[in-house]
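Working from the sequences, and respecting the hints, build out all of it.
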Amino acid sequence: MASPGVLVRPGLRLLVVVYLTLLLMAPVALVFWRTFEHGLGPVIDGLTSPSTLHAIQLTAVVAFYAVIANTIFGVAAAILLVRRQFIGKRVLNALIDLPIAVSPVIVGLALVLVYGRLTGVGKALASIGINIIFSVPGMVMATIFVCIPLVVRAVAPVLEEIGDDQEQAAATLGAGPVQTFLRITLPSIRGALAYGVVLALARSLGEYGAVAVVSGRLVGRTQTVTLLVQERYLNFDPETAYACALLLVVTAVLALVISRALAPKEITR
Amino acid sequence: MTTAATTVAGAGPISGAPPASPRVRRPLHGKGGAITLGVVLTYLSVIVLIPLAAVVWRGQADGPGVFWHSITTPEAASTLKLTIVASLIVALVNMVMGTLIAWILVRDRLPGRALFDGLIDLPFALPTIVAGLALLTVYGPDSPIGLNIAYTRFAVVVALLFVTLPFVVRTVQPVLLELDREMEEAAASLGASPATIFFRIILPNIAPAMAAGTALAFARAVSEFGSTVLISGNLPFKTQVASVHIFNQLESDNVTGAAAVATVLLLVSLAMLVSLDLLQRWGARRG
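For the protein sequence lines, the chains are A and B, in the order given. Take the first sequence: its position 204, counting from 1, is numbered 204 in the numbering used here, and each next residue is one higher. All you need for the numbering used here is the position in the second sequence, starting with 1, plus 1000.
It is worth saying that the hints were derived from the structure and are not from the lab. These figures come from a predicted structure and were not determined experimentally. Hints are not guaranteed to be accurate.
[What the hints assert, rightly or not] From the structure, some residues in chain A lie toward chain B, with a derived Cβ separation under 8 Å:
no.	residue
1	L23
2	L24
3	M25
4	V28
5	R34
6	F36
7	D97
8	L98
9	P99
10	L109
11	I148
12	A241
13	V249
We put the beta carbon where it would ideally sit given N, CA and C, even for glycine.
What follows is the structure, given as structure tokens:
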């Protein structure tokens, strides 16, 4: 090997380190630096202002309902896809991945077109006192949409791997479907389910685009933390914007750490 | 499609779909199965299918002429062109850099690689608006390194590179991990150069994973919204991506225009999902 060959490995290393530093590490690190640039005072003020507290509470409420709904749906869909055979299964399988490839703005637009106040469905629901768009139900639906694949795709591989011998045995011994699910299936998918739920929760807390469309971004009413970050930044209140951004960064890092600890064995290295 | 989905989900590497099990799957008999299927389908219909169908229907409801006009107005055309071109660039950069990062993480004893490995998933977990704000902090008007690229097309590419970083890494990494090194050692003992080994042995093995990751990165880049909002400035004819255009059309009550451009993006997404499915089969056939 001539000298150029010797330089390839350090060169590639350097390229990767520089690329990751410039693209990923420096920007995230600088959010910390910018947040604490003027000390702790502005950070605490930013995080405890009434609009921030309201945004945090609203984000938690929306994420809570979305995660509950997607957990139930995710387990049911995973069981169907792994344990049952039916016509259109491949289509259902593909449909569950569809939300991944759809722009969050289109998610919002789609929900507005069906459940908006000027549509038939929207008017009918409004007449019985239910508002979807520019209100919490629409924000929950948008969040559900973007998180649909997470729980299904976390649970399905584990269901496949554990097989159904124990479930069959339980059924033979006279256990009903509910009992079998609660005593056999649920305990064995616990880890994967927790993993999927953490991913869904992180995604729900951080959703921006779809919620931006369906919420109407009404300050103090339908403003989540991500929407607050943008609004505060554009309204020349970078202190609050950065404090809330840091809160979201810490949440994301926590979710990553927890999900790594929970990840089913075949996913971890 | 399992690999694709779980990777997007930030699930980290999953080595392909589990092999088809020899177990006999019960047909959908009994009340329990039918009710579950009914609930699952209703849920998907109410949240996903009917709304997406409404977008496509609304996009062409005023006739093909209006649809065509909506997607070819100078602003819509420039926004679609920017989105497609930037996404292609981003997909190609990801194909090269993602594979290289995966290779360094698996094969190289780079100090601190556990930290790098953990950080790769961060763009999946980080809210997109925060990603945009973070990039603006480094590469915006107040850049501490004096590099201001805000409100340029380059900034759009950088934002898209940030959010798509994990795709190729996380699809290629598990394949590299499982790759049998004996083949490479045999080739080396027969006198093959590192370049020959890479192009003749490693590359053919990881090509399906690279293609799948690249397609996912492209699909994600085409539909990206949040990370570009702050750093691109959303300047029409310059840095406005398609999602922002849809958002603005909707805000100014041009619902048909928004739905028409959204239909184009949905078709691109659908094409990507179909090609991913085909790639998956290609990868499975090659073992």
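Right, here's what the structure says about each hint:
A cut of 8 Å between beta carbons decides the hint on L23(A): the least distance to chain B is about 6 Å, and the hint holds. Because the smallest distance between the Cβ of L24(A) and any Cβ of chain B comes to about 6 Å, under 8 Å, the interface hint for this residue holds. Contact between M25(A) and chain B, as hinted, is supported at the beta carbon level, the nearest pair being about 7 Å apart and thus within 8 Å. A hinted interface residue such as V28(A) counts as satisfied when its beta carbon comes closer than 8 Å to some beta carbon of chain B; here the least separation is about 5 Å, so the hint holds.
About 5 Å separates the beta-carbon of R34(A) from the nearest beta-carbon of chain B, less than 8 Å, and the hint is met. Of the supplied interface hints, the one on F36(A) is violated, with its beta-carbon coming no nearer than about 13 Å to a beta-carbon of chain B, more than 8 Å. Look at D97(A): its Cβ gets to within about 5 Å of chain B, closer than 8 Å, so that hint holds up. Annotation: interface hint on L98(A) holds; nearest CB of chain B at approximately 6 Å, less than 8 Å.
Evaluation of the P99(A) hint against chain B yields a held restraint, the C-beta minimum of about 6 Å falling below 8 Å. Interface hint status for L109(A): upheld, as the beta-carbon distance to the closest one in chain B is roughly 6 Å, under 8 Å. Interface hint status for I148(A): upheld, as the beta-carbon distance to the closest one in chain B is roughly 7 Å, under 8 Å. Interface restraint check: A241(A) against chain B, minimum CB-CB distance 7 Å, threshold 8 Å, status holds.
Look at V249(A): its Cβ gets to within about 6 Å of chain B, closer than 8 Å, so that hint holds up.
Hint compliance for this structure: hint 6 alone is broken.
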